Amino acid sequence: MSSLRLWLTDPNPTSRRQARLGQLWLAWLRIRRNSLAMAGLVIVALLVLVAVFAPLLAPHDPLVQDLGRRLLPPGTPGNLLGTDDFGRDILSRIIYGSRITLYIIGLVAVTAPVLGLLIGTVAGYFGGWVDAVLMRLTDIFLAFPRLILALALVAVLGPGIENAVLAIALTAWPPYARIARAETLTVRNSDYIAAVRLQGAGAVRIIAGHIVPMCLSSVIIRVTLDMAGVILIAAGLGFLGLGVQPPMPEWGLMISSGRKFLFEQWWVATMPGLAIFIVSLGFNLLGDGLRDVLDPRSSQSGSAPK
Amino acid sequence: MSLIEIDNLSVTFRAKGREVQAVQGVSLTVGEKESFGLVGESGSGKSTILRAICGLAPVSGGTIRIGGKVIPSPRGRDFSRRVQMVFQDPYASLHPRHTIDRTLSEPLAIHGIGNSDARVMQVLEDVGLPTSFRFRYPHQLSGGQRQRVAIARALMLNPQILLLDEPTSALDASVQAEVLNLLNRLRAEHGLTFLMVSHDLAVIDHMCDRVLVMQHGRAVEELSREALAAAQMKTAYARSLFDASADRLLGPTPEPVK
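One line per chain: the protein sequences are R and Z, in this order.
For the first sequence, the tail end lands on 306 under UniProt numbering, and the numbers increase by one without skipping.
For the second sequence, the tail end lands on 258 under UniProt numbering, and the numbers increase by one without skipping.
It should be emphasised that the hints constitute simulated quantities derived from the structure, not laboratory data.
Careful, some of the hints might be misleading.
As the list claims (entries may be wrong) - Residues of chain Z clear of chain R, computed beta-carbon distances all greater than 10 angstroms: (1) 71; (2) 85; (3) 92; (4) 97; (5) 101; (6) 107; (7) 150; (8) 190; (9) 209; (10) 234.
As the list claims (entries may be wrong) - Here chain Z is said to cover these stretches of chain R; the calculated rule only asks that three of the stretch's residues, wherever they fall, bring their Cβ under 8 angstroms from a Cβ of chain Z: (11) 7-19; (12) 192-200; (13) 209-215.
The structure displayed is predicted, hence computed values, not measured ones.
Glycine is no exception: its CB is placed at the ideal position from the N, C-alpha and C atoms.
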């Protein structure tokens, strides 16, 4: 273990792989020093674990109804968090619901930021009419409130989990494009871009290899901070009946069905609400921590091995 | 035959409806393996000439020929393999998120040249950097070390011509001398042709065979090294530049009496 650590922290690595792993190790050390970010990371890691091992963790089948045991309060033996109006175990439904939440987050996280980065860097790098067209398009998307636009898209495409993801992704990219464009404008005229252009690099190589790395840290931070919003919009779409369809155990949908009993059987809506709250908080904390880790200024002062 | 021939070059920048003529009708020729200097005060258009050669500044008139052929626009890969540039500020000319290794192997990747491991090690040794620096980031190096990396990057494609844009003005005096000596050694070893910009006649005198004095975007006077050393200037402007740096040009002078 200690020889591995020495190998990772070697200030003079001998191969490209060692240098890259050493950098990752340093980033890990920086994030570990930040206790709030670690709390966020633990919550997100737990979400992933729960989603992966849902069949092992859930005490009941999330879809099996038992009308004899409907609306039992939390703490009932066999139903730790109580049951809903069809007698389904709420804990099991929350555990299985984490899969849907993670699926939505994952799909949005690989589509919206990539699209935003692409549009923003291309607009910023080429400038002129390319910039004008792409940025006016971004303005149009930004002008609508996100949930309303997502609602309109789902209404056109039809309800369902994939369409909900598509609607969220299509409404989430403009801020990333704006961030990426602003960063691109600050670096496009710098000497190191001029140097690589002088070496004969094409636009694709310059954007992908030299400009995107400069935009990446702010976009990653924005992604983790947005994840809470994505969860809430997905829950909102589920709540309105336009996202995931019953009987799937989606958290927003569960809140929506618990609304009818909010005063007498409060736990039906509260428990999935708590799950959304905790996961959103986890992503927000992680995003805040990543800001500290990825910010070039803080990494410059903190990490230089001497 | 001259390697670089610049004939009646003009560069005009347009910004917000205003036109700025940075270079007006400058002609110069640089022979093979020659070291040619451009000197002048700030804003005299000397750096703009280098940028115009690289295609980084808008040429509004005149021609630039390299090896007898007018250089194509956009410059293209053949041009990259022939002409490389070292920028003024080593703090701004290296990508802050790329390791030295990545910066140096990038030109090889662009031109599809293999064996990058060995070439990177070789060029690091060439410019006098320890090979253990290979995976460092620019912010972990000093200004002089960074400028060595920038020079190494310019050498990766084995160019014939090196354009030097005040390569030492951002460095302090002792490091300046080291870098200039390094450049002189590399020129001898690789048979390079230099086109060097400086505002410091002492640096030009140390490096260049011939020098062109510029002012307000126009060529004022061309001098050989001998004429420079003998202080044989014809124009008043060149003489005033010479007087400003004469004490360093003629070697160390005795301390002024107080």
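Structure-based check of all given hints:
Taking the minimum C-beta to C-beta distance to chain R, about 13 angstroms, the non-interface status of residue 71 (chain Z) holds against the 10 angstroms cut. The beta carbon of residue 85 (chain Z) is not kept farther than 10 angstroms from every beta carbon of chain R, the shortest such distance being approximately 6 angstroms. With a cut of 10 angstroms on Cβ distances, residue 92 (chain Z) falls inside the contact zone with chain R, its closest approach being about 5 angstroms. Once the 10 angstroms rule is applied to beta carbons, residue 97 (chain Z) is inconsistent with being away from chain R; the minimum gap is 4 angstroms.
For residue 101 (chain Z), the requirement that its beta carbon stay farther than 10 angstroms from each beta carbon of chain R is not met, with the minimum near 7 angstroms. Annotated as non-interface, residue 107 (chain Z) brings its C-beta within 10 angstroms of a C-beta of chain R; the closest such distance is 4 angstroms. Residue-level check failed: residue 150 (chain Z) sits 8 angstroms from the nearest beta carbon of chain R, not beyond 10 angstroms. The claim that residue 190 (chain Z) is not at the interface with chain R holds, since no C-beta of that chain comes within 10 angstroms of its own (minimum 17 angstroms).
Every CB of chain R is more than 10 angstroms from the CB of residue 209 (chain Z) (nearest about 25 angstroms), matching its label as outside the interface. For residue 234 (chain Z), the shortest C-beta to C-beta distance to chain R comes to about 36 angstroms, beyond the 10 angstroms cut-off, and the non-interface label holds. For the stretch 7-19 of chain R, the stated coverage by chain Z is satisfied: 6 residues place a CB nearer than 8 angstroms to a CB of that chain, which reaches the threshold of 3. A stretch counts as covered by a chain when three or more of its residues have a beta carbon under 8 angstroms from one of that chain; for the stretch 192-200 of chain R and chain Z the count is 8, and the coverage holds.
For the stretch 209-215 of chain R, the stated coverage by chain Z holds: 4 residues have a C-beta nearer than 8 angstroms to a C-beta of that chain, and at least 3 were required.
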